[in-house]
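Number of protein chains: 2
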Amino acid sequence: MILTVTLNAALDLTYRVPHLVPHASHRVREVTERPGGKGLNVARVLGALGFKTTVTGFVGGETGRVLRALLAADAAQDADAAQEAAGGGTASVTDALFQVAGRTRRTVGVVDETTGDTTQLNEPGPHITPEEWDGFLAAYRDLLDQGPDAVALCGSLPPGVPVGAYATLIRETRTARIPVLLDTSGEPLRRGLAARPDIVKPNTEEIAQITGTAEPLRAARAAQRRGAHAVAASLGADGMLLVTQDGAWSAAVPERLAGNPTGAGDSAVAGLLSGLAEDLPWPDRLARAVALSAATVRSPVAGEFDEPTYEQMLPSVRVRRAEAP
Amino acid sequence: MILTVTLNAALDLTYRVPHLVPHASHRVREVTERPGGKGLNVARVLGALGFKTTVTGFVGGETGRVLRALLAADAAQDADAAQEAAGGGTASVTDALFQVAGRTRRTVGVVDETTGDTTQLNEPGPHITPEEWDGFLAAYRDLLDQGPDAVALCGSLPPGVPVGAYATLIRETRTARIPVLLDTSGEPLRRGLAARPDIVKPNTEEIAQITGTAEPLRAARAAQRRGAHAVAASLGADGMLLVTQDGAWSAAVPERLAGNPTGAGDSAVAGLLSGLAEDLPWPDRLARAVALSAATVRSPVAGEFDEPTYEQMLPSVRVRRAEAP
Chain A
234 MILTVTLNAA
244 LDLTYRVPHL
254 VPHASHRVRE
264 VTERPGGKGL
274 NVARVLGALG
284 FKTTVTGFVG
294 GETGRVLRAL
304 LAADAAQDAD
314 AAQEAAGGGT
324 ASVTDALFQV
334 AGRTRRTVGV
344 VDETTGDTTQ
354 LNEPGPHITP
364 EEWDGFLAAY
374 RDLLDQGPDA
384 VALCGSLPPG
394 VPVGAYATLI
404 RETRTARIPV
414 LLDTSGEPLR
424 RGLAARPDIV
434 KPNTEEIAQI
444 TGTAEPLRAA
454 RAAQRRGAHA
464 VAASLGADGM
474 LLVTQDGAWS
484 AAVPERLAGN
494 PTGAGDSAVA
504 GLLSGLAEDL
514 PWPDRLARAV
524 ALSAATVRSP
534 VAGEFDEPTY
544 EQMLPSVRVR
554 RAEAP
Chain B
234 MILTVTLNAA
244 LDLTYRVPHL
254 VPHASHRVRE
264 VTERPGGKGL
274 NVARVLGALG
284 FKTTVTGFVG
294 GETGRVLRAL
304 LAADAAQDAD
314 AAQEAAGGGT
324 ASVTDALFQV
334 AGRTRRTVGV
344 VDETTGDTTQ
354 LNEPGPHITP
364 EEWDGFLAAY
374 RDLLDQGPDA
384 VALCGSLPPG
394 VPVGAYATLI
404 RETRTARIPV
414 LLDTSGEPLR
424 RGLAARPDIV
434 KPNTEEIAQI
444 TGTAEPLRAA
454 RAAQRRGAHA
464 VAASLGADGM
474 LLVTQDGAWS
484 AAVPERLAGN
494 PTGAGDSAVA
504 GLLSGLAEDL
514 PWPDRLARAV
524 ALSAATVRSP
534 VAGEFDEPTY
544 EQMLPSVRVR
554 RAEAP
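If you read the protein sequences in the order shown, they are chains A and B.
Quick note on the numbering used here: the first sequence kicks off at 234 and runs consecutively.
Quick note on the numbering used here: the second sequence kicks off at 234 and runs consecutively.
Calculated directly from the structure, the hints in this document are not laboratory data.
By construction, the Cβ of each residue, glycine as well, lies at the ideal position given by its N, Cα and C atoms.
Check the hints yourself; a few may be wrong.
Sample of chain A residues with no beta-carbon within 10 Å of chain B, all distances over it, derived [what the hints assert, rightly or not]:
#1 Leu253
#2 Pro255
#3 His256
#4 Ala257
#5 His259
#6 Arg298
#7 Gln310
#8 Glu356
#9 Pro357
#10 Asp375
#11 Gly397
#12 Ile411
#13 Ala470
#14 Leu490
#15 Pro541
#16 Leu547
With the C-beta cut set under 7 Å, the calculated list includes, among others, these residues of chain B facing chain A [as the list claims (entries may be wrong)]:
#17 Pro255
#18 His256
#19 Val264
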């Protein structure tokens, strides 16, 4: 089982409108609701790849109730599909979210059908009390006792959660001898690095913010010196860069892809985790992450990956040793 | 008691963002949720004026649950306030909404804190089945048996409701000898007019669409010929125009007002209904509608009216006999 943590889980709404014009009134043509937040997205991709996944984080209010109902509906559908496929195929996502008094935030993605662009509106998360944080920590330890193959800590922190929250969770996880990946930004990333996670997966902007250098290889090595065992930096259309104790690699698909990059980073995390769970060599994990990212950019549905594209992309990913510039 | 009907009730969300930029990602600074849809807005204004109001229409799903909880919280707060004020003051709104299987729509108003503009995103309403519509009609007849002083039928129709729904409700209401006001647009307005409502309150665009003429007095008279006993047309910053069987009047505040016009039309409906319930002469009803509209435009909170502004505006509204142009 792979465990993903989404402290600031969300109910993601997608609105399709003919054309978004500021100050105008719009009839929304189509509304989609789905569980959101980075760790929940990672879990969905892992599930589609056939990995059993458990999700935790905070959930509350009517929006939280909808989120849990959607997770349960997905799990029921996946169970039916797995039975039909007689083994293999999609694995379901187990809900181990921690109930709080506050209301799960919504995010609204407004898709402009004329330009294809998405405008994103993200509500602030619920306020977490110190008692709720303590309760979560106890529940997290119980989840670690189930012996997950790997843990991913994903996304921003809701108000009230200590800024060193990820550092605390990384220490707990490492004490339990379970590999842990961190995907966050800003101060929670800075503090998290110091707790020595197995992998961090920043993007270009996040790593530059932390290390003060925009040159990817130099920045990745700086992040490694700050404590991460491995740094997998996503470079947008330029693929990914990986720095480990064994060396550095870069990987990309042969051609630049047009599409929607929403969720590409979460798919990369799923690729890295799945490779970790199967104990693949680093270059293979990286290839998987890059192919999944590309298949997500190319998917017609934002944040989902296109399985045939993934199968087709995976052998074409070029992994190269990276040299200092 | 005044009854307001909102067939396409909504959960209104207001998002404040520093500046809305299409295709960008925005952190929402502040989220407000409140019961929405024209008839619910009218009821809130009537309540603030001290009129007992009952609301009906369709409600369902988790969003409907939140809407009802907000109505109940407002009612509890109003009851406390009324007790403190020892009579007079705010009257509470009674929830007589009709439960359906579909989900109450959300509307999202994105307030740009730099420009002050609001961008509106309106979800489609829930699909209403023929059985639900029949059930609603029976519940509506029961509400008419309670003998409301007046009824307001407000807003758009959700999918599945017959386009002649308002015409049906108007006939039922007139059979019960209860005055009925209609505030809608397009085909539901056209059909509603033929059922001879006591008052219609179109805006300039709605009345032009129905009558084919943009000149307000001519258009109002045309709408009257199509069946309405009285036509109260809101002309935006130019105030209102009223055509009844006794004559025609126009009314406006002495100076043009800057502010947010959201809900000004709903406040005008509340003004007309309150004047009707108190059996005021037509020019006084019109003055009340115009002053409430103006106090809504001037209110810092979208869709609410500023009570001191209302008290101050009311004596300053100029009502004049309107002449054919």
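Problem set entry | Index of numbered hints that the structure contradicts, given in increasing order | Checked against the structure, the hints that fail are numbers 1, 2, 3, 4, 5, 6, 8 and 9, while the rest are satisfied.
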